[in-house]
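Model the full structure from these sequences, guided by the hints.
Quick note, the sequences are listed as chains A and B, same order.
Under the numbering used here, the first residue of the first sequence carries the number 1, and numbering increases by one thereafter.
Under the numbering used here, the first residue of the second sequence carries the number 189, and numbering increases by one thereafter.
Warning: the hint list may mix true and false statements.
Pulled a few chain A residues facing chain B out of the computed Cβ check, cut under 10 angstroms [what the hints assert, rightly or not]:
{"#": "1", "residue": "Met57"}
{"#": "2", "residue": "Gly62"}
{"#": "3", "residue": "Leu68"}
{"#": "4", "residue": "Ile72"}
{"#": "5", "residue": "Asp75"}
{"#": "6", "residue": "Gly140"}
{"#": "7", "residue": "Ala141"}
Derived by calculation from the structure, the hints in this document are not laboratory data.
If you're wondering where the values come from, they're calculated on a predicted model, not measured in any experiment.
Note that the Cβ used here is the ideal one computed from N, Cα and C, for glycine as well.
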Amino acid sequence: MKKITLLLALWSLLFASLAYAHFHYNITATATLQANNKKQLTAVGMEWVYGQEVSGMMLKSGQSINALANGIMTDLVKLDYFTQLELNGKRIAIKQVTDYKLVKIKQGNQNLLKLSFLLPLQSPLFIQGNTLAIVHTDPGASASIFYHHTNNIILGNTFKSLCQSNIQAIKGFEAGEAPELVRISCNQ
Amino acid sequence: MLEFSLTWFLEGFLHPLETPSHLILLVALGVLLGQHASAHFIRNILLFCVAVITGFTINNYFPLRWNNELILLFLALFVSLLTILRLNYRLLWVQFMIPLLSIACGFMLGLDSSPIVIPGLGADTFYNWLLGATIGIYSAVILIAVISLLLRDLFQGIILRVLGSWISTSSLFVLTLLMVKGN
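This is how it looks when you write it as structure tokens:
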């Protein structure tokens with residue numbers, strides 16, 4: 001009897017821990033297309049508002065906002081900024097981000113962090129007559145980046161009359177995979 | 189300055205238990221080590237522990253692009269088949285095979301464990317996660333090995349062999365699904 005009690009105790013110890021779930025967090029994004037005088041795409045401006053839980057963790061980490069911003073960008077370089085830009089399905093090369101800012105914002109009664117950065121293209125591109133896709137994935141399977149609405153894709157004066165944005169939610173996306181299909185289709 | 193974080197520690201601790209291929213292999217190895225506990229039980233556990241750390245280190249510094257899940261499941265299948273066969277641990281090749289399998293399983297589990305990195309909280313999440321994963325993997329194998337040790341002579345060892353057959357069926361089932369998905 002003692003042996004059975006001991007066995008049950010050991011098994012329950014193993015399986016009780018399974019109730020705890022994997023950590024996920026959401027980011028609400030806004031993307032702004034930037035163009036040069038030749039009407040070529042030169043960069044995509046990103047604004048990411050971190051969810052309440054992860055904002056709280058970062059704010060409680062004891063780092064200053066500047067140190068936190070530098071730390072985020074250093075880590076994001078290794079993770080390809082969670083972002084892949086594709087033109088007709090072909091990946092666009094991007095340069096290292098140098099222009100970034102982290103600020104504390106208040107939404108309702110929540111203290112959140114907003115990260116703004118400019119994702120510069122390796123070389124300017126004509127997107128007229130093509131489809132630009134923005135894909136956000138996290139190899140660590142923790143972050144999910146959402147736009148929710150086409151209002152969060154800002155085409156700017158150059159592309160406003162030429163392009164149309166479309167956001168399609170991906171049903172049953174796995175953690176870390178792109179939760180939305182973000183496409184910007186442009187006429188010639 | 190690194191600080192202990194329960195959130196990231198628990199994330200790491202539960203990683204092997206939430207990943208089917210890891211859990212199957214941990215149970216398979218634990219049962220085998222418990223079944224063969226008379227032959228250098230502590231040595232095999234220690235070899236396994238060192239191999240896990242080696243796997244973590246290699247994964248961090250020189251990541252290998254292997255199909256880890258497939259290897260983990262094949263290992264689980266092989267280990268559970270040895271449990272079903274309940275070989276005599278006095279045989280020379282069995283004495284050689286069990287430590288070798290302990291090393292291979294530990295190495296593959298370490299190699300397939302990538303810590304969570306939250307940009308901005310990198311070092312904190314990384315080290316706490318690794319600490320949690322190490323303790324999670326060690327405790328799971330030791331716990332299952334101790335349970336199997338207690339059960340190994342019960343009904344002439346049938347219970348462990350039945351458990352071994354369940355594990356091999358589960359590994360085969362997941363392997364089949366993986367291969368179907370891959371095609």
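Numbers of the earlier hints that this structure fails to satisfy, in rising order:
none
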